[in-house]
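**Q** Work the whole structure out from these sequences, hints included.
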Amino acid sequence: MKIDPILLSVYARTFKSITDEMSISMEQTTRSPILCEAKDYVTGLYDGEGNMLEQTENLPILAFSLAPVCKYIKDYFGDDLHPGDVIFHNDVFSLGNQNNDVAVYKPIFLGGKLVAWTAVKGHQADIGGNVRGGYNPNAVEVWQEALRIPPVKVVEKGKLRKDVWNLIFANIRLDIVQHDMKAEMGACTVGERRLLELLDKYGLESYEAHKQALFEATRKMMEAEIAKIPNGRYSGEGYVYYDGRHVGSKFTIRVDIEVKDKSIKFDYSRTDAQTNGFVNGTFTSSASATILTLLQMVNPDIPHNEGMVQPIEIVIPEGTILNAAYPKATTFGNHLCPPNADAIQRALAPVMPDRVTAGWNNLLCSLTTGTDPENNEQYVDIGFMGLKGGSGAMQGMDGYDHIGMIDASGGVLDQDYEMFEQQTPHTLVKHELLPDSAGAGEWRGGLGVETIFEIGSDDTQLVTFGDGDFEPAFGLFGGGEGGLNFIRLNYPDGQTVVPKNKDLITGVPKGTVYHQVASGGGGYGNPKKRDRKLLCEEVRNGVVSKEAAMHDYGMTEAELAQ
Amino acid sequence: MALKIGIDVGGTFTDFVVTRDGAEPAIFKSLSTPSDPSIAVVNGLTDIAAAQNPPLTLEAFAPTIDTIVHGTTVTTNATLTHTGAKSALLTTEGVRDALEMRRGIREEQYNNRYANVTPLVPRFLRAGIKGRLDRAGREVTPLDLDEVREAIALFKQEKVAAVSICFMNSFANPAHEQAAAELVKREMPDAYLSVSTDLLPSIRFYERISTTALNSYVGPKLNHYLDQLVGRLKGIGFKGLLLIMQSNGGVITPQLAREKAALTLLSGPAGGPGAGLFYVRPHGQDKCIITDMGGTSFEASVAVGSPMIKNDGEIARHKIALPMLDIHTIGAGGGSIGWLDEGGLLRMGPQSAGADPGPACYGKGGTLPTTTDANVVLGYLAPDYFAGGRMKLDLAAARRAIETHIARPMGLTVEEAAAGMYRVACNNMAQGVREVTIKRGFDPREFPYIPAGGAGPIHSCLICEELEIPFQIVPRESSVLCAFGMLMSELKHDFVRTFVSRLDAIDWPRLTAMIDEMSAEGARQLTEERIPESRRRHDIKFDCRYIKQYHEVSFLVPRKAVAGGDIGAIARAFHDEHNRLYGYSLEQENAPIEIINVRVQSIGQTDKPAYREEAWSGTDAATALKGRRSVYLPETKAFREVPIYDGHKLRFGNRVEGPSMIEEETTAVFVSSNFDGVIDSLGSFVLYRKGREELVKSGLCKEATPA
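Quick mapping for you: the protein sequence lines, in order, are chains A and B.
Residue numbers for the first sequence follow my numbering, so the first one is 517 and each next one is one higher.
Residue numbers for the second sequence follow my numbering, so the first one is 58 and each next one is one higher.
Hints are not guaranteed to be accurate.
To be verified - Below are the DSBU-like pairs computed for lysine-lysine, each with C-alpha atoms no more than 30 Å apart in a straight line:
hint: 1; chain 1: B; residue 1: Lys143; chain 2: B; residue 2: Lys213
hint: 2; chain 1: B; residue 1: Lys605; chain 2: A; residue 2: Lys669
hint: 3; chain 1: A; residue 1: Lys532; chain 2: A; residue 2: Lys778
hint: 4; chain 1: A; residue 1: Lys717; chain 2: B; residue 2: Lys694
hint: 5; chain 1: B; residue 1: Lys242; chain 2: A; residue 2: Lys946
hint: 6; chain 1: B; residue 1: Lys143; chain 2: A; residue 2: Lys1062
hint: 7; chain 1: A; residue 1: Lys518; chain 2: A; residue 2: Lys736
hint: 8; chain 1: A; residue 1: Lys946; chain 2: B; residue 2: Lys376
hint: 9; chain 1: A; residue 1: Lys673; chain 2: B; residue 2: Lys496
hint: 10; chain 1: B; residue 1: Lys694; chain 2: A; residue 2: Lys532
hint: 11; chain 1: B; residue 1: Lys367; chain 2: A; residue 2: Lys698
hint: 12; chain 1: A; residue 1: Lys590; chain 2: A; residue 2: Lys673
hint: 13; chain 1: A; residue 1: Lys669; chain 2: A; residue 2: Lys587
Hints were generated in silico from the structure; no laboratory data involved.
**A** Written out as structure tokens, the structure is:
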């Protein structure tokens, strides 16, 4: 069939608007703040073979597991797929990325032929296992973390399988997870309707031909970007501190990147072995980290479809920290993205200095739960506002202040301060940019934040997970390092407790002051070359101290006085 | 014979609509004067005076004007170009960066070169003051007035023109803000002052602080402009009522606009949606989709009984939580530039050639191909009849631009390339319409489609095709729809208070007192605006959600339900709205509901221009036929000669068959092969899908004309 180049644009734009619409449906109907406030979900559209047609990637670390799982599900059910089927999946040992990220897949048929899939994957508030919410720093096996859901039909030919549904939700603590999974199913239906309208208008033959052409066009865009990188083999490292069980443990991610003309290969074969804790990646969480890091170095307008990933090859041997073997625990895997990204930026910095960034602040997160003494209601709060540090600077561009970890890149938002005080018994004391937290440089890193609040409930439970308290964000080409993360608890009796970066603290009393720093990103280039006028403004605005201006940037008293 | 003039200041033209009771509205345009927009206003009024029969001098004409309703982009532009006032902020100690951090969002996740916006107030002018209220408004730490004084000293030294005040939890208790405001008023009597709880006493700190800072940022500029405008109007002898269009689709007096300048951030396009409803009513309809295609942008909105409102708008990436019309803007207009991406796919916009140099066919030095250039090549725009022939279009330049940048690289003919540009532009606009319909829970097929803007009706058939909309109405005033809509607008005042309570545990005396207080404030303002009691209305809205949800749904609550404490009726209204928006409700599950905010909108009815209905002139449109021209027909992908009608000569009842073109001085209408048209009693060009005549309720025959 002849390709209509204009219709091709129409298809591309319509696919995007379909996944956007699915995303809005999720945002508006879900209950867990992880979904509706932090937007920790991805919506996608795939062809009959499971190839990506388009995705809306609110949190990209989930994104690049959807197409591989779609292909897996298609093979798994073979010819036992029917109109009206709805399939759940979260299993990390069949290409899932994280146990809590539960996906819904809906096959779409036209004239009896499987022509496409819609899918939604979101981070659910609970997924069974030993610890409420899923983060179990003591886990060594998957069963201590979560309920495994290999591909399973919860709706078959349009009929809800009540027995299957009840089996799943009998193993999950919170009722809102049922509502939120229904929201995922609803979003899949929204996408299905729109795609069928499109097929009705242009016909199957046109759709099949044009999607291939779209993959081709996109692949060429990606290849053109890769061709800008000189051929060669480039290596870099990133570091992981503490596996949740062995104090002082440290692990190394090693990537060897091979660029050959229009293709790029990321080989992690030299990476350290898996841990005996929950600090392990799955193949798809690690591959997502690789892809999202690369995507930040290329033209941001490239459509997100199968063609985009075709020129990229990723090798991660099983049994490494980035691809744990069955039945290892892996819940922390998504958060191995920052060190993975570090390794890639370090490797490519010498050959594409205008595209890489200095190190981003690594995630350190906390979750508090307890009972509000004023209304006796239980609350769960993920400290989004506290965890968002600064991004790394790049050539010609300062880092972005208070953006958060690289795998969300500004997609996860702070709680509103007043809503935070309505929904928890805590009182916010401070949430401000932290002066001097960013690495100095001709272009400085993004600033981090300091968060202080007073805990308002007795017997409060606190879970921490993250990193960035041992190694700061690195600088590039003479740029300085960012600061270190920390979380500290100052109890009313004067005692100070510093939780480990993966920890579970119980019995925290009312009146305890919670103090956290998510620090800044790394700087880029020689700080002495930084624009003096800009620096004077920054000193005046108090984001760079006078001392740092003189010590790190070499400003003189005379320059400062101006 | 009330004489009313609607004036809409745009980027290129200032539009005027002049109405007199019983007479057909007259349209005027004058070139905008961005350095002082009031000059264009006076220029236009001079033209209007001269066009009177007999011609009048401006000084003789101005005193006869009863009302001027004015939409302004002064505040919009100040925000978009970051040229607002030097302003300062007093806020609570520990949270002074909320305004700059914007909750930590970066809108383009994969784009590391996407910078944050410059904050409305620089950090050194954001003072964190000791003093704290808890979540219920109880004082935990008293306000430190010495710190306020210190901050004021700095602001004075820095010659700050405007001050904002926004403290934590002030929505529950404004005392600290009021105390600080007193000091500022005393020490800085000339500064423009915005107090968050005066503007928006509702919960959500970031939204409130951003809205307050925006108000201060644009306040001095708007005041300066209103000084100029009021001065000039007074100078020419205007003695009538001047009203300013606000973002919520209502109008206010200049005095209120001065105090709450942020209310005008969407003043320009806010007239459109209300005007749309006027044109659909003869067809027994009370809802419509209104789109406005300008040079750079395409705006889409929906009205159902009244224009749709949102409470969480944004301008130049700053949040504004004052109620404003839900108008979705995309970068698609006549000036949108066509280009090929790295994969060779054709894209249109969002970059625009604007008015200068403009499209290649303008002959003002533009060489890049735009939507307008494609329209010329496709025959939709006649090179000799653009702006009624006052501006000649250069067809060869249009062809050259398309040939060079699109046709040759894609291996297409110029015509094929132009057709592609037209189609992609239409597809982009159709996606924009989806944003305000499907994504808000409306099925676009059930709405009459109203295309405004001079080039809007060239694209509307294809957009309607894409969205399966069978019915369009092109008003005679479509090229100045916003100015016309301003004359249709009511006085509107919005009030909000946060009232957190479960629906089944309402403290009724407190709630009623709150509603009465807001209604009284509205009544006070309407009294000042000389609106008699018989023409006032106070609508009540609640923002509610199911417990544990994070987003509220705002819905109208009957006064009767509040007076009677009828929880059941309120709950039902909420379930219904939730169901409409999101496709489900939890009515069966009996899920508990909580209130977050209570709102009152006080409305004062203004005098509307009485619109003359035309006399039935029969179906035959032959007298309006002015020739034939070859235009591109998307259905067959080929050019064909079609009849061209002079729109000015088409009258009530006249019928035209698609494919054809209707031309007026400021508008061109392309009737595609799938549509037919008829002129209705208001003189609008009504296009309906072939075979769907039943949709037309005015114009098909004399008997069908509504009373």
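**Q** Given the hint that Lys946 (chain A) pairs with Lys376 (chain B), does the C-alpha gap stay at or below 30 Å?
**A** 22 Å, holds
**Q** Does Lys587 (chain A) sit within 30 Å of Lys669 (chain A), going by the straight-line distance between their CA atoms?
**A** 16 Å, holds
**Q** Below or equal to 30 Å on CA atoms is what counts here, so check Lys242 (chain B) against Lys946 (chain A).
**A** 28 Å, holds
**Q** Is the straight-line distance between the alpha-carbon of Lys590 (chain A) and that of Lys673 (chain A) 30 Å or less?
**A** With a Cα-Cα distance of about 16 Å, the restraint between Lys590 (chain A) and Lys673 (chain A) holds, given a limit of 30 Å.
**Q** Quickly compare the C-alpha distance for Lys694 (chain B) and Lys532 (chain A) to 30 Å and report which way the hint goes.
**A** 26 Å, holds
**Q** Lys605 (chain B) and Lys669 (chain A) were given as a pair; does the straight-line alpha-carbon distance stay at or below 30 Å?
**A** 29 Å, holds
**Q** For the pair supplied as a hint, Lys367 (chain B) and Lys698 (chain A), confirm whether the alpha-carbon distance does not exceed 30 Å.
**A** 27 Å, holds
**Q** Given the hinted pair Lys143 (chain B) and Lys213 (chain B), is their alpha-carbon gap at most 30 Å?
**A** Holds, at roughly 12 Å.
**Q** Checking one constraint from the list: CA of Lys717 (chain A) to CA of Lys694 (chain B), max 30 Å. Satisfied?
**A** 16 Å, holds
**Q** Hinted pair, alpha-carbon criterion (30 Å max): Lys673 (chain A), Lys496 (chain B). Please report holds or violated.
**A** 28 Å, holds
**Q** Would you mind confirming whether the straight-line C-alpha gap from Lys518 (chain A) to Lys736 (chain A) stays at or under 30 Å?
**A** The given pair, whose Cα atoms are some 19 Å apart, holds under the 30 Å limit.
**Q** Are the Cα atoms of Lys143 (chain B) and Lys1062 (chain A) separated by 30 Å or less?
**A** 25 Å, holds
In summary, this structure violates none of the numbered hints.
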